[in-house]
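Protein chains in written order, with the numbering used here: chain A, 1 to 409; chain B, 410 to 620; chain C, 621 to 1180.
Simulated from the structure, these hints should not be mistaken for laboratory data.
For glycine and all other residues, C-beta sits at the position ideal for the given N, C-alpha and C.
Mixed in with the good hints there might be a few duds.
Okay, derived cross-link-like pairs now, DMTMM-like style, lysine to aspartate or glutamate, Cα gap no bigger than 25 Å in a straight line [said to hold, decoys possible]: (1) LYS1167/C to ASP541/B; (2) LYS574/B to ASP868/C; (3) LYS120/A to GLU796/C; (4) LYS120/A to GLU659/C; (5) LYS574/B to ASP1069/C; (6) LYS120/A to ASP400/A; (7) LYS574/B to ASP794/C; (8) LYS923/C to ASP794/C; (9) LYS550/B to GLU796/C; (10) LYS1167/C to GLU526/B; (11) LYS550/B to GLU609/B; (12) LYS120/A to GLU131/A; (13) LYS550/B to GLU526/B.
Chain A residues, not near chain C, derived (Cβ > 10 Å throughout) [stated by the list, open to error]: (14) ALA142; (15) GLN181; (16) LEU186; (17) TYR226; (18) PHE281; (19) ALA382.
Listed below are the residues making up each chain.
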Amino acid sequence: MRALSPRFAPRLTALLPALLLSTPGLAATPDPADWQAVLEEARGQTVYWYAWAGEQRTNDYLDWVAGRVDERFGITLEHVKVGDTAEAVSRVLAEKQAGNDEAGNVDLIWINGENFAAMKENDLLFGPFAEALPNFALTRPAHNPEVVTDFTLPTEGYESPWGRAQITFYYDSDALETPPQDIEALLAWARANPGRFTYPRIPDFTGSTFLKQALIELTDQGEALYAPVEESDFAAVTAPLWEYLDALHPHLWRSGRQFPASGPEMRSLMGDGTLSLAFTFTPSEPAAAVADYELPPSTRSYVPASGTLGNVHFVAIPYNSPHQAGAMVIANYLLSPEAQATKQDLEVWGDRTVLDVARLDDDTRALFDLDQQNPAMLPPGALEQTLPEPHPSWMTALQDAWQARYIGQ
Amino acid sequence: MTTPHRLELRDVRIRLGDKTLVALDTEIAPGEVLTVMGPSGSGKSTLLAYPAGFLAPAFQASGRVLLDDRDITALPAERRGIGLLFQDPLLFPHLSVAGNLRFGMPRAGADKAARVEQALAHIGLAGFGERDPATLSGGQKARVALMRLLLSAPCAVLLDEPFSKLDTHLRQEMRRLVFERLREAGLPSLLVTHDREDAEAAGGRVIELSS
Amino acid sequence: MMLRLAPVLIVTLLVAPILAGLAMALLPAFGYLPALGGEAFSLAPWRALAAQPGIGRSVAISLASGLVATAISLAVVLLYLAAATGSRLDRWIRRLVSPLLSIPHAAAAFGLAFLIAPSGLLARLTSPALTGWERPPDLLIVQDPWGLSLIAGLVIKEVPFLLLMSLAALPQLDAERRVAMARSLGYRPAIAWLKVVAPALYPLIRLPVFAVIAYASSVVDVAMILGPTLPPTLAVSILTWFSDPDLDQRFLASAGAILQLGVTATALLAWWGLERLAARLMAGWIARGGRRRGETSLHLAGKLPILLATGIAFTGIGGLAIYSVAGFWRFPDALPQSVTLDHWAQALPSLGGPLASTALIALCSTLLAAVLVLAALENEQRTGRTASKALWLLYLPLIVPQIAFLFGLVVVMEQLGTRPTHGLIIFGHLLFVLPYVFLSLSEAYRRIDPRWTQLALTLGASRNAVFWRVRLPMLLAPLLTACAVGLAVSIGQYLPTQLLGAGRVTTVTTEAVSLAAGGNRRVIGVWALVQACLPLVGFVIAIGLPKLLWSNRRGMQGAP
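Excised from the complex, chain A in its bound form:
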């Protein structure tokens, strides 16, 4: 064998990736830095997006996105409807078990918190890709660290921000004049109005968020929550929470012997008039539900003065997705002002944007003006008091402790 002349060697190595790319099945990982190449590879792909489908409005928005990405990028988007994001996580896991490292079924997942932590820990994610997406800069991560932090864990580019959630309380103003403003007032109110409040059954995420909210307000060791749970005395930190819940439960709906399965089920109970006070993780949900005839027009929203937990939800791409290019193009489109503004529109979904609206140019910013006239919407500025999410290990630990304490009693 004659050695290659040095003159040709560099050119050949430059050619190699291209050669690999052109061989089906051997496609090299798409590199978001070369966005044009990603767009080309994405064209014609079918992307299976596993996303929680418990809300008709969300599903309708995903349908709208599917139409847009087909039109703009030639990508077919299929919304795979799951009842719990964990189903998608276990599917990727099952594929890894079976040695399916290249032809996975899941191309994109709507995810955050402990699901993200689990996937990252088990090396089930593709990336880093998020920070290289062209639209990512619009989130101004330097000013908004929450778009690169998921329950205290740095996302490190393994998931791309999509929307924001924050606990928002809502009530029927015909049944209740002055709603409780903090967790202690809530207990007093529940005592006076037995059976009119509840929270979703753990491990539902809205219910689990309520536990964290209560814990943040009740414990005097708040800083412990932002480190892994193993590093602190769980029993000591959470003792005030259990004391509180033990006192609260007898005054809840069904005397705390039963809980609604999810946030939306709690909303149905509000619609019936069974409950007088409830909460959601989607600030615009009450207004949207009034429009959908689910809640009475007398519904009002508020955020207690002390502030509530808020977080960002993301999309991530499994390591074995065969359509990573298509998935990235969609993740990028989801961050576009057009997609974000449509998502925030109360008529569509009402999920808040992750873009830094204040730093957008004027025309684009106008897209994000909220309908402040809707009486069921939060008053302006209500979402300024956002409490950050604790470390994901707290969520799991709280869920286990709650179940051990209250199941089968």
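Following the hints, position chains B and C against chain A.
Relative to chain A, chains B and C alone:
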């Protein structure tokens, strides 16, 4: 329709376990009706099942069945050329009267429709071709069943108490019709019955089985 | 040749996937799952299972709901048959039994929940006039910790199943003559039926009863809607563990799946003990020779429960219909303040895909099942052998809990490299469709008078011609009914569709159950109603087509 046929049952012996139910060695000439008589449970129907080719696996049989000197013992039922007439007319409920008649006609026949019409006229049922068989009277059904048998051009015929379910006056009329037609067609026939009048009307030899 | 392969093919198709799936649940249950770092066998998953909060209660509820729901359903059916055979009610119920059976479990469960919930139709109709309730009462009715509403939901669906199975078996028994004989000895009709027909009927419906026990003790979708929640039934807990993001829970879930197998086996065993006991008591009761006492109460006990069950099922569906068009509906208004088609208009664009998938999967799996079943039954006719010994194998997919083997099956399928396609789901549905098609068709097929075949053969028709020209047309009505049952079974499947389809293939049922997570009763109303109506199309065709085809054939009208 008048080619003469001959049916032979050679050393036929049908057993159930150790018990011999029927033993028969005989020959039936063209146009002859051989009657086998016996009370119920004497194995009459089993005797018919053997030449027809339906003997249940529980029975053991030995002997041979010859049709025009051809050994048909091992042939499947549909290729033996032996026709069967049951107690009930058993007209296919999903077919019209004409459909029932056509069912058994050999495929090659060209002028099927005309022959069916002619056959119906022959048994006094002209114009009944498109009728639902369920709307016919008992006697009409019996006649259609007989005609269906004859149109299938069998080489021999087995009769399994074909008149026992008819009322008295119909029974006599059908006996006359059936035996007349069988003789006319020159078909060797084996009749099993418990009714002595059947045997008398058949006019042939009679073999009695004991129970 | 092909015919002779049919029984073997059926048994392989039914048994192999179940065994493979169980094996893949058994290994992780004892700690072996190399992909997750489980390299050695251990009892750790079982220790974790035993440490689950409320596990004892979960098991007890699964066991009890399985046994109690079956006992009630069987009692309702037997008492009904004893008291109402031949009455006008009987004619009505017989006409309703197929549509009732065709309502998918999930839709029936939603209907019941909408009816009996504290804010449900019943409370609204009686409030505030009778109850004084201005707001929904804080009562624990649906999802009660004792599993009573779960049992009620199961009874509503299992009564029509056991009734249909009984009606199919009864003709073999010549029940009318038995009863007539007993009445001539002085027995009142209902008592006569219970004493001379029921003891002979029970052995014929024993396998279906076992299937009901297995189903009721391991059901997922009904238990999610109506069952207790703190803790839920064992099957629902297993599903939660299997989909837990903490992947180590897989071991726990596998141990749970094996435990579920044990719970169902225990339920069957307990039932077997109850059978002995009941047989003794019956024998004593029959021997004492009582002829008259209790006849009136028997008539009530026979008619009321079945009327109640039927009424609840249909009212529940009515409730779904109202919710699907409801505007805002404040308690205790009996009807919504306004009626709107918005919910339908919103759902309509997304209905098409799932409807097409549902129809494709149901039609293909039913067609395949029908061909296989016909081939096996035809083979039986030609060889003169009945496959009675293999019959329990046919029941295997109905007796082994779905949740115990489906997850393992998914892993097996992935290892074989199969992609989740419609084909795979059709294969998965076949596991459950085939037994039902077989059960629905076999009686009619075996009962057909052998003289028709003999006659056709002596008229010169070949074996194949006999099948196509005699047996098939004569059995058209029962065949279509069996196919309608098959379609209904396929349409109602949730777990196999969701798991084998990787959630990528959505049917009306997976859509309805996943929307249930959203708790929007109006949207659930739309989807559950579509889900409930779809199988009806099959039954309408199954009943209508033979009527149309045989409009001029009186002999075919009363065909079985």
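Hint check:
Between LYS1167/C and ASP541/B the alpha-carbon distance is near 14 Å, which keeps this suggested pair within the 25 Å criterion. Under the criterion of a C-alpha separation no larger than 25 Å, the hint pairing LYS574/B with ASP868/C is inconsistent with the structure, at around 75 Å. Taking the CA atoms of LYS120/A and GLU796/C, the gap is about 70 Å. The hint is violated against a cut of 25 Å. The straight-line distance between the Cα atoms of LYS120/A and GLU659/C is roughly 22 Å, inside the 25 Å bound, and the hint therefore holds.
A hinted pair counts as satisfied when its Cα atoms are at most 25 Å apart, and LYS574/B with ASP1069/C qualifies at roughly 17 Å. For the hint linking LYS120/A to ASP400/A, the alpha-carbon distance of about 21 Å falls within 25 Å, and the restraint holds. Straight-line distance between C-alpha atoms of LYS574/B and ASP794/C comes to about 22 Å, which keeps the hinted pair within the 25 Å bound. Our distance criterion of 25 Å between C-alpha atoms is met by LYS923/C and ASP794/C, whose separation comes to about 22 Å.
Under the criterion of a C-alpha separation no larger than 25 Å, the hint pairing LYS550/B with GLU796/C is inconsistent with the structure, at around 29 Å. Among the hinted pairs, LYS1167/C with GLU526/B is inconsistent with the structure: their alpha-carbon atoms are about 28 Å apart, more than 25 Å. For the proposed pair LYS550/B and GLU609/B, the alpha carbon gap of about 24 Å is at most 25 Å, so the pair holds. For the hint linking LYS120/A to GLU131/A, the alpha-carbon distance of about 17 Å falls within 25 Å, and the restraint holds.
With a CA separation close to 16 Å, the supplied pair LYS550/B and GLU526/B stays within the 25 Å bound. The non-interface label for ALA142/A is consistent with chain C: the shortest C-beta to C-beta separation is roughly 30 Å, beyond 10 Å. Every CB of chain C is more than 10 Å from the CB of GLN181/A (nearest about 24 Å), matching its label as outside the interface. The Cβ of LEU186/A lies farther than 10 Å from every Cβ of chain C, with a closest approach of about 18 Å, so its non-interface assignment holds.
Non-interface call for TYR226/A relative to chain C: holds, since the shortest CB-CB distance, roughly 21 Å, exceeds 10 Å. For PHE281/A, the requirement that its beta carbon stay farther than 10 Å from each beta carbon of chain C is met, with the minimum near 13 Å. Every beta carbon of chain C lies more than 10 Å from that of ALA382/A, the smallest distance being close to 25 Å; the non-interface claim holds.
Of the numbered hints listed earlier, those contradicted by the structure are 2, 3, 9, 10.
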